[in-house]
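Colleague: Chain order of the listed sequences is A and B.
According to the numbering used here, the first sequence holds residues 1 to 272 in order.
According to the numbering used here, the second sequence holds residues 273 to 544 in order.
Calculated directly from the structure, the hints in this document are not laboratory data.
Hints may contain errors.
Stated by the list, open to error - Listed next, with one range per pair, are the computed distances between beta-carbon atoms:
1) Phe530/B to Gly33/A: 18 to 26 Å
2) Val331/B to Met77/A: 47 to 55 Å
3) Ala525/B to Leu63/A: 57 to 65 Å
4) Val523/B to Arg26/A: 52 to 60 Å
As the list claims (entries may be wrong) - Beyond 12 Å from chain B on every Cβ pair, some chain A residues (computed):
5) Glu19
6) Ala30
7) Lys35
8) Ala61
9) Arg62
10) Thr105
11) Arg226
Where is the CB? At the ideal position from N, CA and C, for every residue including glycine.
Chain residues, written in single-letter form:
2 protein chains.
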Amino acid sequence: MANGRAGALVIIGGAEDHEGECVVLRKFLALAGEKEARIAVVAAAARDPHSTNQEYEQVFARLGVRELEFLALTDRMAAKSRAAAQRLLWASGVFLTGGDQLRMTSIMGGTLAHEALQEAHARGTVVAGTSAGASAIPAVMIVGGQGEEPPRRAIVSMAPGLGLVAGLVVDQHFAQRGRIGRLLAAVAQNPAVTGLGVDEDSAAVLYPGGELEAVGSGTVTIVDGRSITQATPSEAAISEPLSIHGVTLHVIAPGSKFKLAAAIRPGGRASS
Amino acid sequence: MANGRAGALVIIGGAEDHEGECVVLRKFLALAGEKEARIAVVAAAARDPHSTNQEYEQVFARLGVRELEFLALTDRMAAKSRAAAQRLLWASGVFLTGGDQLRMTSIMGGTLAHEALQEAHARGTVVAGTSAGASAIPAVMIVGGQGEEPPRRAIVSMAPGLGLVAGLVVDQHFAQRGRIGRLLAAVAQNPAVTGLGVDEDSAAVLYPGGELEAVGSGTVTIVDGRSITQATPSEAAISEPLSIHGVTLHVIAPGSKFKLAAAIRPGGRASS
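If we strip away everything but chain A, and leave its shape as in the complex, we get:
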């Protein structure tokens, strides 16, 4: 599945700027074709899709988008419709809004819209997600857990995601909500999976070749567990702090790039 033709992924840590320079959203639009971009906003995660829509309609119009479609996807019937699938296949860029990532997967998972999203992405469509929309992008997603806590198994819960990239788990609002503990707890459970922590108003852009670029006002934190020498989530009681020795951590500043491990490529979607 991993190939050079899948679209870039723009994984946004939530609270991206809508008022000023809009660096993060401009990056997404640049990748999706600038003035020629055909944007589909998917609000399946949103609790109030129509106010979410109004907000993105305004900011994308201000940024020069001429072709914009809005998919509320408030239930599985809507996500199973051919019309929804067609609009996703039409888009050059798909934007997954924030809200609740389990709401999104429980509505979209296994539907025509989900298949169309995977197919469009595999053929080159750029996919961006912010906050809950960012968490849902990989094969496995973090769905909840407490911030500002030491790593304990009990502070992170996971579920199958949309499967647009393999080998990755994403956490958002990363610095702002003190989520390093829960990201470490997730990676310790299976160090084959790399943790990506994205700050607010920031994005990790993943290119098909495996390059990651940080964009925005904050940073992207990479938790690579392959170097772990000892981690015992199974032996610790679920609520007890974990020992995790030898994690490799990278912080990527805005404008910097980083080469990801070979296992992590947009389009490596066989999962979910």
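Fit chain B to the known structure of chain A by using the hints.
Modeller: Using the frame of chain A, we list chain B on its own:
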């Protein structure tokens, strides 16, 4: 990744017969080459790997296995060794024992042994797992949760698995521990993933072409969520019973076969 050359997967619900006809273990050996089989037993999940080893050494010897290697893999150093990887690449059949699936993934995840297991399987090596070893086979695994309960989000916890098959979550000791509630709760979170419940002394054999065969003294239950019309795990409080409308359920009796959805193929491993 999904191709016709990956090995079959033998997903065993735990407590397979070691004393009598050993129908389930014989099936694994038949697929791995009968008298020519080269078997590697991996005990990374086991709390007491050496008694686990003795048990499998005895039963496999009685069943005519002439070439048997044992990998205790008690820590990440062992799983990172070239010797472990070589024995996995040598095997025609790999057997993952029971124990604790998080112990296995936290030890093996992202190591040479994990890569060798994926590579061997992709090239045709048969992989069997029992109990915890069965749960760990897919890209996403169930790691815990209560049985004998109605579906509630709180009764199932998940984590990234070994990634030998995509689109599936496995639960074991299925009828014996009353686990339909937690399997439904898992599938409702993302109906793109099919739930597989395997009874004790029974196995679901997944062939590369997508056929599933039930073997042993119990049944295999398939929970296909793609037909779900309404499921709201995100809106329900985490401990409240869920509404899930329109699940498609299949029970496969021993000796029967069933064609799985196209998304589920051994070797569709891009995740983990």
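Colleague: If a hint holds in the structure, say so; if it does not, say that too.
Modeller: For each hint, the structure was consulted:
1. Phe530/B to Gly33/A: 18 to 26 Å: violated (44 Å)
2. Val331/B to Met77/A: 47 to 55 Å: holds (51 Å)
3. Ala525/B to Leu63/A: 57 to 65 Å: holds (59 Å)
4. Val523/B to Arg26/A: 52 to 60 Å: holds (53 Å)
5. Glu19: Consistent with the label, Glu19/A stays out of reach of chain B, its closest Cβ about 29 Å off (over 12 Å).
6. Ala30: Ala30/A clear of chain B: closest Cβ-Cβ about 28 Å, beyond 12 Å.
7. Lys35: The assertion about Lys35/A holds, with a minimum of 34 Å to chain B.
8. Ala61: Fine: 30 Å to the nearest Cβ keeps Ala61/A off the interface.
9. Arg62: holds (31 Å)
10. Thr105: It is violated; Thr105/A is separated from chain B by about 4 Å at its closest Cβ, not greater than 12 Å.
11. Arg226: violated (4 Å)
In terms of the numbered hints stated before, the structure departs from hints 1, 10 and 11, listed from lowest to highest.
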